Amino acid sequence: MATATSQKMVTVTIDGMSVQVPAGTLVIEAARQLGVMVPHFCYHPKLEPDANCRMCLVEIENMPKLQTSCSTRVADGMVVRASSAPVEAARQSVLEFILGNHPLDCPVCDQGGRCDLQDFSHEYTPTAGRFQELKRVFPKQYLGPVIETQMNRCVSCMRCVRYCDEVMDAQALAPVGRGTLTWITHWADKELECDMCGGCIQICPVGAITSRVSMYDFRPWMLKRTDTICAYCGDGCQMTVQHKENRLIEVNSAFGAGRNNGDLCVRGYFGYHAGEHDGRVRRPLMRRADGSFAEVTWEDALEHVARRFTALRATFGADAIGGLITARCTNEDLYLFQKFMRLVIGTNQIDSSARYGAINGVRALRRVQGIHRWTVRYEDIARADGIMLVGTHLHAANPVTAVQVKQAVKRGGAKLITLESLLPARSTVSNITTLSRHHLTVGHGRFDAAILGLLKAVCEANLVDEEIAAQAPQFVDAIRTKTAGVSWRVIQDCSGVSQQECDAAARTFAAAARAVTLVGQDVLRASGGEAMVTNLLDLQLLTGHLRRSGSGLGCLAEENNEQGAVEMGVVADYLPGPFNLHDKDGRAALEKIWGRSLPTGSSATLMDMVSRANTGSIKALFLVGENPVESLPPDARVSEALEALEFVVCQEMFLTETAKRAHVVLPACSAMEKDGTFTNTEGHVQPVRRAVEPSGESRPDWEIFAALSVLMEQPIEYAAAKEIFKELRGVAPGYEMLGPASAPPAVDADTVTRYVTGGFKEDLDRRYALRPLAATPPGSMTLRLVQSLYHSGKYSTRAKGLMEIEGEGQLRMNTSEARRLGIDDGDTVHLSNERGQADVSVTLLDRVPDGVVWFPEHFDQAVRALFSVTVDPHTGVPVWKATEVVIAKSNPSHHKG
Amino acid sequence: MRPVSGGVAGGMVFDKHRDFIAELLTRYPVKRSAILPLLNLAQREEGCVSQAAMREIADLLDLTPPQVFETATFYTMLSLKPRGTFHVQVCRSLMCALVGADDLLAWLRAHLEPGADGATADGRFTISTVECLGSCATGPMMQINDDYYEQLTRDKVGRIVNDLKQTGDCALKSGPFMMPERK
Amino acid sequence: MKTFEKILLKNMEQPGYAGSLAEYERAGGYQALKKVLGRVPPADVIDTVKQSGLRGRGGAGFPTGVKWSFIPRDHPGPRYLCCNADESEPGTFKDRQLMERDPHQILEGMAIACYAIGAQTAYIYIRGEFRLAATILERAIVEAGRAGHLGADIHGSGVTVNVYVHAGAGAYICGEETALLESLEGKRGKPRTKPPFPATHGLYQQPTVVNNVETLANIPHIINRGGAWYAAIGVPPKSPGTRIFCLSGHVKRPGNYELPVDATFRDLIDDLGGGMRSDKPLKAFIPGGASAPFLTPEHLDVQLDFESVARAGSMSGSGGVTVMEDGTSMVWAALRLMEFFYHESCGKCTPCREGSAWIVQILQRILNRQGRPDDVRTLEDICGNIGGRTVCAFGDAEIAPVQSTLKYWRSEYEALIAEAGALNAGRKDIPVLSVS
Ligand SMILES: Cc1cc2nc3c(=O)[nH]c(=O)nc-3n(C[C@H](O)[C@H](O)[C@H](O)COP(=O)(O)O)c2cc1C
Ligand code: SF4
Ligand code: FES
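Protein chains in written order, with our numbering: chain A, 429 to 1325; chain B, 47 to 229; chain C, 56 to 491.
Since the hints were made in silico from the structure, they are not lab data. All of these numbers come straight from a predicted model, not from anything done at the bench. The C-beta atom is built at its ideal place from N, Cα and C for all residues, glycine as well. Worth double-checking, as some hints may not be accurate.
Reference excerpt, derived from the structure (chain B facing chain A, CB under 10 angstroms, subset only) [what the hints assert, rightly or not]:
1) Met58
2) Leu71
3) Asn86
4) Gln97
5) Ala104
6) Asp108
7) Leu109
8) Pro111
9) Leu126
10) Gln212
11) Thr213
12) Gly214
Dumping the calculated EDC-like pairs for lysine to aspartate or glutamate here, alpha-carbon to alpha-carbon at most 16 angstroms [what the hints assert, rightly or not]:
13) A:Lys1150 - A:Glu1131
14) C:Lys249 - A:Glu476
15) A:Lys493 - C:Glu80
16) C:Lys242 - A:Glu1131
17) C:Lys65 - B:Glu227
18) A:Lys474 - A:Glu594
Chain A extracted, bound-state conformation:
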C-alpha cells in the first residue's frame, strides 16, 4: 500500500487556493489544510482509505470522472474543484441514496445533533428525497449489555469494522450479507465478545452503533464537556467527559486528542460511572464505641484526627505514625501528602502502591541509565522496527500502549518479539502475541530464565554491539562468562523457552535499527523484578539499544500515576524528584524550597509499616485511598496490624475493608471531581480537570491534608491545585510544562559509564544465577492472579458498565487442560491448597498456558486465602500473585447455582 512517507513536497490547488503538501497526501487531507472540508462518511484518518461511501467526490482537472478525494493522492500541479456544481450534485445524490432507506428517526437517536448524516443533509439537500418505496428494515440488535445497534441507520461506511480490525486488531465485527442487505453484527447470534473499546461507537458517523450505558439519557447539545485524563491505567488517555446536571453521561475521545489520539479502552469508555456508585462515602465518619460509624461534620472529624495525631506524636514520637497513599491520586495530592507527612507529622515513613512493582523498574533504571523515565515515546514505538514486550499482557494492562504497538506492527511493519505468559490463541478479544514475529511463551512466570536466554543468545551468536565491546570489554566478558555458566537445558526447564527461540528473537532484536522494549507487571511485580529489569538493561547495552536515540526501555505503569508517585516522593527511600532520601543535594534543595528542615528518621515500606504496626512501634496509620486489607493475602497480617494500631485514618471514596477498620474515614473526591495533574507511563504530565461537583461532602485529597496541617498548627496552604503544581515544578524535573514533552529524556552518559565499568559487578552473581525450578506438588496447577482488560484494580468494580461486561471472577483455563481434568465451560471447580479452598466457575480461554489457571485479580477476594505473600528482600516489594492449587470438579452440592 502506498503511504505518505515521502518527504517530497508538491503543490496542489483546491478551489483556487494553493497549498504545499508532502507527495502522497490524500486530496481530502490537503483540502482540510486549506480549510476546505470535504464531506465524507467512510474516510477516517486512522483508517486505510476504502472509498466506499462516494460522498467525497471532487473534480480533478484532466481526470475523466469525479474522483474520491479520500483515496486519491495529490500529484504536483493537481487542480481540484471541491465545491463545483457537479460535485455538489454528486453529494446530493449520495445523500438521497442513503436517506432512501434511512428511518429518519433523529428524535430518538442518540447521535441526533452530532450526526454527520444530519449535518450533511442539512447542508446539501434542501429538498425531500424522491425515494417512495418500501424501506428495508433490520431488527434492532442487542449486542450485549453495553452495545446495541440500529442498523437501519447504518450508512455502510464500514468504519466500525475497519477500526475493529485495523486499529484494535480484534476482528470482532462482521458485515454480513451482501448489497443493500448488509448489516454489521458480531458472529452468528452471539453477544459481542471483544475488547469493548467503544471504538465502533465512537467512529460511527451516524447513530447505528450506540452505547447502552448512556442510552437515551441525553440530547448531545444538553451536555457539558470537560477534557480530562482517564484515571485507570498509566497510559493516561485524554478523554472528554460529558455531563448533564452534575451527572456523568458519556465519555469519548476526539481524534487527535491526547497521547491516545482518540482511542480509548473499555475502562475509559465504559468505566466512568465508578465515582457515581451508591457506596460512596459522602460524609466524614467516626467510629463509635460500639464499633459502628457515625456521620460527623468535617470540623469534628478533622479536629479529632489532628488531635489524635498530635497526641500520638507527642507520646511516641513522629515515627509512631506512617502514611500510605494510592498512586492513583493526582501529583498535587501525592506531593502534598508527603509534604504533610514529612513536615507536619515529621516522619519519612511514607509509601504508596508504587511499592507493588513500579519501584523495581525505577531502581534498575536509575542505577543503569540514571533516568527513571522512558527514554522513548509512543512516537518511537510507531517508528521502531523492533519491539520487544516482556511480561506486559499489554492488550489488557495497557490497552492504548497496545494500540501503538499494533499500529507499529500492522502499519509500520515493525517486528514484534513477545515474552509473555500467554499463548498466541486468537479470539475476538485482541491478543498482542498474535502479531508477534517471535513469541516466547513464558508459562510459569520465569521471566528471569527467559531474559537470561536472550542474553546468552546475544553472547553466543556474537550480536554484541561494537561500541560497547570496545568501551567496556570487562562488562561484556563478565556477561559472556556468566551466561556461559547457565546451560540451555536449565533455561528451557525453567522458562519453557528453547535455545532456538531465544536465538531467533535475539537476532531480530539485535538487528533492529530502532528497538523499543516494554516491560510489564509480570516482571515488575515479581520477586527479583529489579534484577530482571537490570538484566534487560544489560541486554539493551549489549545490543547497543540503550543509548541509541529512538531505542529504549520503558516500564509500564499498570496503575495510573505510578510514575507521578515516584516523582512526587511518596515511595519509601525517595524524596520528590525523585532524589534518594539521603541524597545531600536533594535534601538541601528541598529544604530551601520548603524553608524547613526534613525529618531524619528512617523510611518504611508498606510491608515495614505492617510489621512495625504488628510489633507496636507504629501506633497510627494515615491511609489515603490504599486498601492493603484487600490488596494483600491474609498471611500478610494487615488486618492484625490494623487491629493493633491505636489510630487509623482512611481517606477514601468507599468503605473498603480497610476503611471499615479505621477510626476515622474522610470522604475523598474521585478524579472526575477535582483538578490536578497525572503523569502517564511515558512521563507526560497531563492536566486533570473537574467535570462534576464532588459527591456529597467529599473533598480533594490535597485540601484535606492542607486543612489538617492548619489544625495541627503547621499550615501548608494553597488556594488551588495549580499552586501546588507551581511549587512541585521547582522540585521535580520533568514538570516544567504540561502535555507531551517535546523530546524524551536521554540516558545519563556518566551513569552508564559508571555502570559498565564497574557498577554492574555489585550484584552480578545474584542477577545471573538462576534459582532452580520450584517443584510443583504433583497434581497441582499454578493459579495466577491476572489483570483483566475489563477492570483496573478494585475501583473499576464499582463502574456499572464494566460490571455488566465482567461482573464476577471466573477461573480461566485452556481447553486441553479442561479436557484433561474433565471440566467443561461453566463448570464449578474446587481449588485447594494447604492455606485454603475456594469454589469458582470456569471459563475456557485458550490463551492460558498449560499447567496454569488464571483468576482476574480485581475479583481476588474469592481466592485470596489460597495465596501467600513473600517480600523481596532487596526492594521490599510484596509478591503474592501466584500459588499452587489442586483443582477438582466440584460435586453438585458445591454448585452455587
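Since the structure of chain A is provided, determine the placement of chains B and C with the ligands on it from the hints.
For chains B and C with the ligands alone, kept in the frame of chain A given last:
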C-alpha cells in the same frame, strides 16, 4: 458476558479431512485463502455451514469466527441453514426467462409444493431461484446439487424429479458442454 | 460469410475429441510451452503477445501483452497469475466450454503466461457452480503435472509453475479482477480501489496478472504461429483475432460460435444461429453480456469488434449475445437484468448498493401497473447518479439495461405508467416490494 475462548481445538466437522486440509494449506502463502474451499466443503458435507464449522475454520486458519462468518454470508452458494437433500436451483435470469424458465419454476412449485423457505415437507427438495449459471444457450436450466440439467421441458423436469425421488440420481444431467452439438 | 479457421474451438470440434492430455498433445498441444521454456526470454514472449494485439476476453478488452509488461521486472517477492474463470456475466458461457472440453489448452496458456511474467503460482478462480469444469481442470492439472508440463522444473528448464483450482461460492462480482483477488485471499469479494493496480499490488499485495480463460487459451496458438499471424485476423490492428460469441435467446441455434471479429451480428444471428426461432422478427439484442446496453435491429450489420460495437453505443464485453423477438417487454427484460444486478451488487458503494435496489422497486411497480408519472425521470436520474461514481465497473454495467431500454423503448415505459394512471386513478397507492 463471558470472555471468549479461542475455540474448541480438534473440531468435528473436518476431522475426516485432515489430509486434504494439510494439502490445501500448502497451496496458499496466506492461510486465510483456504476459507472458501473449507466453507464449500462444509456446505457439501453438512448441507449448510454450521456455527461449529465456522468456528473450526477460524481455528484452522487463525481467524476470528466473525471473519469466517462475514465471508460465508457474502456467497450465495453457502447457506447457514440446512437445505433439502436435493437443492433445486432454477435459473431466473433474463436468458433463461426468455425461453421459459418462469413456466418451469411455476410447474415445479405447483408439483413439489415447497413451503415459504423453499423446502418440501419431507425435506428432500429445496427449491430456490438463482441468477445466471452460464448455460444460456441451453436454457431453461437448473442445477441440482452439483449437477446441471439443461434444455428443460415440463416433461423432462418431471422425469428428473421422479428419478431423484426413486434412485437419488438422474441420468439426464449434463456432461461436458458442447453447443451447438457437433454435427 | 467468408471462411475462416477456428482457433480455440478447433480441437474440440473434431469428432471424438474429449480433451485428454493425449488428445491435446496429438493435436500439437504443449509444443508452444516447450518452444519458449528456457529458449525464448520472457520479455520476448511478452513481445510476441503484444505484437499479436490480443485483447482480454473477460470484458474490458485490455491488450494482454501490455498488461503482462506492467509486472515489475525487478520485484523481489513472488508474482501471481490468476485465471479468471468466474464466468458469471448473464449470457456468457464460453469459458465453461473451453474448460470442460479442452482444459489443457488453458493450462498451456497459463504455463506460458507464468513463464512470461515470472510467476511460479497460478490460481484458476472458477465460479463455484462449475463443479464439472473444476473437476475436469483438476484432473487435467494432475495429468499435465505427471507429464512434466506443470510443476517443478518443467521439462528440465528450471521453471516452476504450480496451478491450483480455487472455486468461488456464488458471487458474480468476484469476476471483477480485484474482487477476485479479495475472494482468493479469503475475504468478502469486494472490489478494491484502483490505483494501486494488480500489476503492482495484486494477490497478497504482490504483482499479479488476471486474465480471462479465453484470453489464456489463445496464448499457445499465438506462440506457435507468431504474433503477426494472429494480428492479421479480424479487425487489425485494434481488434485482431477470433472470439467466441455466446448466442442465446430467441434464436434457432443458440450456442458458442467462434468467428473473426470482422463478421457482423447478422452473420452471427442469422447465418450461424439460424435466425429467429419463430416467425416473430428481432426486436432487440444485447451484444456483450448483461452489462452491455441493448441494441436494435438497426444494429445488425455492426461488426463484432470492440470499436464497432462501442460506436454503436454499446460494448462487446464478454461476447454474450442475447436475442429477443418482437413481443418481448423491454421493461420486463430490463427488470430481469436489474434484479440480477441488485442481487449481485457487493454493497460497497452507496450509489450501486442503494441505486440498484431502488431501480428494481420502481421497475417492479411499473410492471405491476403501479407506475407514477415521474418514474421515468427518476429512473434516468438514478442511472445518472450511479454511472461513473462507483469503485468498479459494475456500477456502469447495471444501468446499461435501464438506460438503453429507456432510450429505444421509452414508450413501453410510458404506456405502462399511463395504464397505471388509469387503473389507479384516485387511489392512494402503496408500492409493493419484492426484493428478497
Ligand atoms: C462486474 C464485473 C464482472 C466481471 N466478471 C468477469 C468474469 O466473470 N470473467 C472474466 O474473465 N472477467 C470478468 N470481468 C473482467 C475482469 O475484471 C478483468 O478485466 C478480466 O478478468 C481481465 O482479463 P482479460 O484481460 O483477459 O480480459 C468482470 C468485470 C467486472 C467489472
Ligand atoms: S460498483 Fe457495486 S459492485 Fe462495484 S464495488 Fe461498488 S457496490 Fe460493489
Ligand atoms: S469518504 Fe471518500 S468514498 Fe467515503
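Do the hints match the structure? See the list:
1. Met58: 14 angstroms, violated
2. Leu71: At 16 angstroms from the nearest chain A Cβ, Leu71 (chain B) fails the 10 angstroms test, so the hint is violated.
3. Asn86: Hint on Asn86 (chain B): violated, closest Cβ of chain A at ~17 angstroms, above 10 angstroms.
4. Gln97: With a minimum Cβ separation of about 5 angstroms from chain A (threshold 10 angstroms), the hint on Gln97 (chain B) holds.
5. Ala104: 8 angstroms, holds
6. Asp108: 5 angstroms, holds
7. Leu109: Holds, about 7 angstroms.
8. Pro111: OK, holds: Pro111 (chain B) within 10 angstroms of chain A, min 4 angstroms.
9. Leu126: 8 angstroms, holds
10. Gln212: Constraint on Gln212 (chain B) not satisfied, violated at 37 angstroms.
11. Thr213: 36 angstroms, violated
12. Gly214: 32 angstroms, violated
13. A:Lys1150 - A:Glu1131: 12 angstroms, holds
14. C:Lys249 - A:Glu476: 13 angstroms, holds
15. A:Lys493 - C:Glu80: It is violated: about 49 angstroms lies between the C-alpha atoms, which goes past 16 angstroms.
16. C:Lys242 - A:Glu1131: Between Lys242 (chain C) and Glu1131 (chain A) the Cα gap is close to 58 angstroms, so the pair fails against 16 angstroms, i.e. violated.
17. C:Lys65 - B:Glu227: Holds, because 14 angstroms separates the two Cα atoms, which is no more than 16 angstroms.
18. A:Lys474 - A:Glu594: The given pair, whose Cα atoms are some 9 angstroms apart, holds under the 16 angstroms limit.
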